[in-house]
Amino acid sequence: MLNFLDINERALNGPIMSEKEFDMKVFVPRLKSVTDDYGIRYDKDNPVPSDDKAADNLFEAAVDFMSQVGVFCKDTNRIIQFKRDEILQVLKEAPGRCLAGEGKEAGIFGMRRPDEQKHPWFHVGSGIVASSEEMATNLIEGYASIAESNSISISALDSIRGILVMAGSPAEFYAAIRGIKIGLEAIKRAGRPGLPIMNLISTSASALTAIAASAPQFGLRPTDGWLCGTIAEMKIDFGVMTKVAYLLSSGANVGVETAPILGGYCGGPAGTAVISTAYILMGLLAYNGNYQLHFPVHFRNGCSTGRDVLWAVSASCQAASRNIPMPVIWLGYLASGPNTKMYFYEAAAHILSAVTSGAPSIQTPHPARAVKKDGITPMEAKFGVEMGKAACRLNRQKANELVLQLLEKYESQIMTAPTGSRYQECYDVTTGKPKESYVRLYNEVKEELAGMEIPFERY
Amino acid sequence: MEKKEILEKLTTAVIEGDKNLARESAQNALTIEIDPLEAIDQGLSKGMEAVGRQFESGESYLPELIMAADSFNAAMEILKPAIEANKQQVHKEGIVLIATVKGDLHEIGKNIVATVMEINGFEVVDIGIDQHSLDIIEAAEKNKADIIALSSLMTTTMPYQKEVIEVLDDMKLRDKYIVLVGGGPVSQKWADEINANGYGETAIDAVALAKNLLNNRKQTVAMD
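Just so you know, the sequences run in chain order A and B. Just remember that our numbering sits 151 ahead of the position in the first sequence, which is counted from 1. Just remember that our numbering sits 531 ahead of the position in the second sequence, which is counted from 1.
No lab work stands behind these hints: they were computed from the structure. Hints are not guaranteed to be accurate.
As the list claims (entries may be wrong) - Chain B is nowhere near these chain A residues, computed Cβ spacing over 12 Å in every case: (1) Met152; (2) Pro180; (3) Lys183; (4) Gly278; (5) Ala326; (6) Ala341; (7) Lys386; (8) Arg591.
As the list claims (entries may be wrong) - Straight-line Cα separation of at most 30 Å, DSBU-like style, residue types lysine-lysine; simulated pairs: (9) B/Lys577 x A/Lys183; (10) A/Lys549 x A/Lys586; (11) A/Lys332 x A/Lys586; (12) A/Lys176 x B/Lys550.
Claimed, not checked - Part of the chain A face toward chain B, derived, beta carbon under 7 Å: (13) Ile311; (14) Leu315; (15) Met317; (16) Ala383; (17) Ile412.
Computed from a prediction, not measured in an experiment: that's the story for all the values here. All residues carry an ideal CB built from backbone N, CA and C; glycine is no exception.
Same shape as in the complex, but just chain A:
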């Protein structure tokens, strides 16, 4: 792996140019030429392709792209460049696994391959904002109570004692440590104190508060996981780099958070698949990351379940799982919200695409584009696990047939999707149990999906 001080040095001395020049004179034209040269083509009739050669070709395209383009540092306006042989060397050295959790909950989060029947690492929950501390506690305890969950994402807080959390303010720090305390308490209540929290620190937008709240006296452990963002597309800044330096020095798990945008500088699905794969290389090269949270989305509808994004997800997941030793959590942003049938159709489509394509891990697909406060429940987390286990029994070909059937059910409604219910509307906030009506809906839609030959476990 490259020494992180070396990355710092490249950020100070690489070729200098304006950000617009990087976007329009380097990124866009090189992406176009790599996509054309390697013949990367979107196939709208096969959102889950079954072509190992194509997957390996996409990987080669991404390596070529990365060696030509690099990563742009916004603070220095310079490009952090990587030579092709360096990239290949890093791929040889990368461990392809990460140790997370403590005691009984300690586990190795490692790789999978396409069509593999091994279960993915189940990362449950979301950093979607909770309206109150009580709601956050309920949610997190609910996630942690899912027996098969391997790691957890905890809710963000958008206010503390009635004071709005504004990015970079002291309130952000207070809310961050409060959120951590709630998360640790909630997993204890679920009887799983060692469960790793891997979306740290969801309440902190700024590197400063993230580092401050990571001090050991606030309870976090090196076997938890911190997310370090990227800036679309293929950009980094000193804030994130300083956070990475801190985490590497403290021996913590460094998670790289990446979200290529179909329709932005990535262009269409083919370009997005190249960038989606290249981002996983970036996670290893520029961050020394040992896991990644990855969620390609569409610029117009903000979600991951249109057929074009599903194709980019599947294609790049296959390219990465076959060739890049980086444990990636594949996350879908859904158009519809909790307590709607459409949510489960979309979630099933995304999970089928990712799991059969070799996703090392999946996270609870985020309802209503993750923008609705309290807009997630443990029911979605439970479904994610059950659907993930079912998907492991299928191959890409079968997944493709099923995804096409699921698309018929929801594709035309993506722009007008129902945002669904908040936690307190479909769960009893006192007992933390789902209301009867939601249980009924859940069972109905599962029966419907089972009727499509999705092989859920029967108890």
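Let chain A serve as the given structure and place chain B on it in line with the hints.
Chain B in isolation, oriented as in the chain A frame:
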């Protein structure tokens, strides 16, 4: 070269994002004394409309939009002196000051909105990301903006959209500007809560909303 051919080349230059062709065709237009406003209307703008349609239908994306806008602007650099010499004015839908609010580094959505607005006839002043509320207002004043468009991609930066509106109120400038808000976590509910004039879920929505609100404002002023 004939007028029709030159106008077609101006259109093509925008559609293909060819700045050299745009400059060359603009110069040719002036050489054979095509009215510069006609060169814009029947040449450049037709190209922008075509690119706009391609974008809406999903055939083209942000890079094509930017290249089209850059080509349009390259041609305008040639045509502008002639327009000024003729004491003519290019029709503008309005002036939009766009920014991502303080603490927020996201910009692709903002860039898409800015470019789509430009394609639809607005003059857009984009002051970038992580902008303090006072700097946003100062830029709006300096550029005589009609609309302030605020982008926020994080729940912890959304409050700065509210802050801009509050500061406009304090400075007794609120009625001077139409304020539109947008971005991932932003919703109509939030826009109503902070007394924004509107919320654009997509770039196309933002354009329609901006045109509608501006027309309403002009009618209200005319009635007064």
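Which earlier hints turn out false for this structure, listed by number in ascending order?
Numbers 2, 3, 4, 5, 7, 10, 13 - these are the hints that the structure violates, sorted from lowest upward.
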